[in-house]
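As you go down the protein sequences, you meet chains A and B in turn.
Residue numbers for the first sequence follow full-length UniProt numbering, so the first one is 1 and each next one is one higher.
Residue numbers for the second sequence follow full-length UniProt numbering, so the first one is 1 and each next one is one higher.
Simulated from the structure, these hints should not be mistaken for laboratory data.
Because the structure is a prediction, the values reported are computed rather than measured.
For every residue, glycine included, the Cβ atom is placed at its ideal position computed from N, Cα and C.
Some hints could be false.
[To be verified] Calculated cross-link-like contacts (lysine-lysine; reagent style DSS-like; alpha-carbon spacing at most 30 angstroms):
1) A:Lys370 to A:Lys108
2) A:Lys290 to A:Lys127
3) A:Lys39 to A:Lys167
4) B:Lys135 to A:Lys98
5) A:Lys24 to A:Lys370
6) A:Lys182 to A:Lys148
7) B:Lys108 to A:Lys24
8) A:Lys98 to A:Lys311
9) A:Lys166 to A:Lys370
10) B:Lys108 to A:Lys308
11) A:Lys311 to B:Lys270
12) A:Lys24 to A:Lys39
[Said to hold, decoys possible] Computed footprint of chain A on chain B, listed as stretches where at least three residues anywhere in the stretch have a Cβ under 8 angstroms from a Cβ of chain A:
13) 58-66
14) 174-187
15) 252-265
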Amino acid sequence: MKHARRNLMLLTLLSLSTASAQEKVTLRFTTWAGGDGLKLLQTLATEFTKKNPSINVEVESIPFASYDQKLTVQMAGGTSPDVGWVAERSAPAYMSSKSLVDLNPYIKSNSSMRISDYAPASMTLWKKGEGIYGLPFSFSPIFMYYNKDLFQKAGIPTPSELLAQKKWNYAAFEASAAAIKKAAPNAYGGTLLRLDPTNWAAGILAAMYSSGGDIFNKDLSSCTMNSAGTVQAFEMMQRMIKEGSAPKLGEQVTFASGNLGMYADQVSYSGQLSNVKFKWDIVPMPSGPKGQKTLLGQAGYAVFSGSKHQKEAIQFVAFLSSPAVMKRTAQFFPPPRRSILNSDAYLNSNPLIPAASLRQAVLKQVSGAKALIVPANWAQVNDVVVRNMDRIFRPSANVKDELNQVCNDINPLLR
Amino acid sequence: MNLDFPRLRLLSSSMYYLVMIVLAIPFLFPTLWMLTASLKSDQEIFQNPLALIPQSISWDNFTRIFHDYPFAAQYVNSVYIAVVVTALTLIIGALAGYGFARLNFPGKDLMFILCLSAMMLPSEALSIPQFALFKFLGINNTHLPIILLQIFGGTGALAVFMMRQHFLTLPRELDEAALMDGLDRWGIFWRIMLPLARPVLVAVGIFAFLNSWNDYFNPLVYLNSSEQYTLPLGLQTFTDPLGGVFWNLTLAASTLSTLPLLLAFLVAQKQFVQSMVGSSVKG
């Protein structure tokens, strides 16, 4: 890799006959954003060039499923993009292969970066030793969407009402789901799992955390998928699937279709609910024996070490993370800057979710939210769990035994 | 005892069609589902996933993919790349196949094995050196690598192989007779051999077109801007700000990207099947 980079630098030096390259720099910015999110990033890139006429930014949209694959080939082939989005689950892999640039020297020397404004939980993933290898733009706790119409049909108190009475816990979640199933046999009560089983590490993690479970121990050296808290969370989903109040694994039931009473996801999911015909609202995740906890979804801006214009790339990251710009990206991604997160402007920015609900489900949850820190080979660990999902949730399965087996398979990967 | 023969035949043939129709359902259903789901709203697709008939037909999905996304540009890219790849693969495949079958030159067998190796190596294993090569040539982020990798990669090698096998089956007496009549090598190739190779040319052409049309990996690696994308990549870009898929738009776009292939197959079906049967019997 080092040799390759040196050779490439030689090559670029040789090809520097084009003197204009020094005057005008073109940055490649990669993202998996689509739709309006992509349009906003393109607008921001143009605005940045207006302010810095010597730096041009090209926004490249790459399908999320192939994002890391493409970046890896380009980095290895010596045409790394300069700057881009990095997903939380791939950040450790990029950091351990030294593919990200340490932004800390720049942050330290630029008081305008106001790094102290970032919520501490939003930075844990990106810090390693003294270095800061990315700046988060999204700080998105998982919360519960619920279908008001289905609750009304079942004639039971809504999660918001339960929350007000301090009765919004996992037992209530399970009972409400059963009641909905009873009142509306064509619908399902609720689920903590996603449609795509490879993305299992979402809502169910909130249930695991709030009963004291986790995927790994603190230093990621051993698997704790078989701990009592994790087993409890998985057993609840197994029960719900068995009783028919939660959709079976792989069954194509979405919250947006109106056939699902409760569904755990993030703010960005609300984009799919813009013209549904039922009424809905959001609440924090239920609380469990160890309190009210949830998973914090994250993504950040990072500068790639393969970039030949690192200085300019860092400048662009600074621009994107500035309070003024983050205020604008906040309409899609809950901002990690506390000053913006707490502002009325942010709380009123989502046309679909009332400010009061957003305050309760996003703001108040953030203190109990935990970012998922994964080892560099998360993809392999995740494969083990996904492979075993069908077995774990079989009606006759002994969840504890199955999760023991999962840990037996994961542990060798962690050493 | 009066067996009504025509009616019996009618009965047996209608039974035959009935069985065939039932057997065809598993193959037809996914395509039909895609066609009808592309007229539904995103919510309706999931409300009752198996329903084939939309509650209300809306063409909105189709207008949106052209209006909000560079789908038209991606369509044009896919079509022109596939046409160029098909034409060049046919020309090179026919010439090289004829050379390997009829001409004698030193190192012929070794070269043929080298050529075949392009077909046998998985493309992912070669991607990084290829990427570095195209970077050196300065043609990354253009359509050239995608076209070249098809023509000189697995597709091209398969074309050379198929053409060579076909020319080998043609009797050498044809060449000799043509030579006696005063034709030179080029004349033999162009006037005698090529017309005889029509069924194989059709098969090779269809393979080349399909491989290029469905190529996902190379465009993913080499293309950087959405306007340059080809359809398989473009189909993955109908997402919300954080990458959640809009299935209604994706299905509308998939429908449009499948239709030309379906039509082409329906039109060329006879020749396609003939060429497959022909080459297997003779080979």
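Results for each hint:
Between the alpha carbons of A:Lys370 and A:Lys108 the distance comes to roughly 26 angstroms, so the proposed pair stays at or under 30 angstroms and holds. As the CA atoms of A:Lys290 and A:Lys127 are separated by approximately 27 angstroms, the hinted pair is consistent with the 30 angstroms bound. For a cut-off of 30 angstroms, the pair hint linking A:Lys39 to A:Lys167 is broken: about 42 angstroms separates their Cα positions. Distance check on the hinted pair: B:Lys135 and A:Lys98 sit about 23 angstroms apart at the alpha-carbon level, within 30 angstroms; holds.
Our distance criterion of 30 angstroms between C-alpha atoms is broken by A:Lys24 and A:Lys370, whose separation comes to about 42 angstroms. Proximity of A:Lys182 to A:Lys148 is assessed by CA-CA distance (about 16 angstroms); at most 30 angstroms being required, the pair is judged to hold. With a CA separation close to 51 angstroms, the supplied pair B:Lys108 and A:Lys24 exceeds the 30 angstroms bound. For the hint linking A:Lys98 to A:Lys311, the alpha-carbon distance of about 17 angstroms falls within 30 angstroms, and the restraint holds.
Simply put, A:Lys166 and A:Lys370 have alpha-carbon atoms about 22 angstroms apart, close enough for the 30 angstroms limit, and the pair holds. For the proposed pair B:Lys108 and A:Lys308, the alpha carbon gap of about 45 angstroms is over 30 angstroms, so the pair is violated. At roughly 61 angstroms between alpha-carbon atoms, A:Lys311 and B:Lys270 are farther apart than 30 angstroms, so this suggested pair is violated. This hinted pair checks out: A:Lys24 and A:Lys39 have alpha carbons roughly 24 angstroms apart, not beyond 30 angstroms.
Counting residues of the segment 58-66 of chain B whose CB lies closer than 8 angstroms to any CB of chain A gives 0, so the stated coverage by that chain is violated, three being the minimum. A count of 0 residues in the segment 174-187 of chain B with a Cβ less than 8 angstroms from any Cβ of chain A is obtained; the coverage claim is therefore unmet, three being the minimum. Judged by the Cβ-Cβ criterion of 8 angstroms, the segment 252-265 of chain B is not covered by chain A as claimed, because only 0 of its residues qualify and three are needed.
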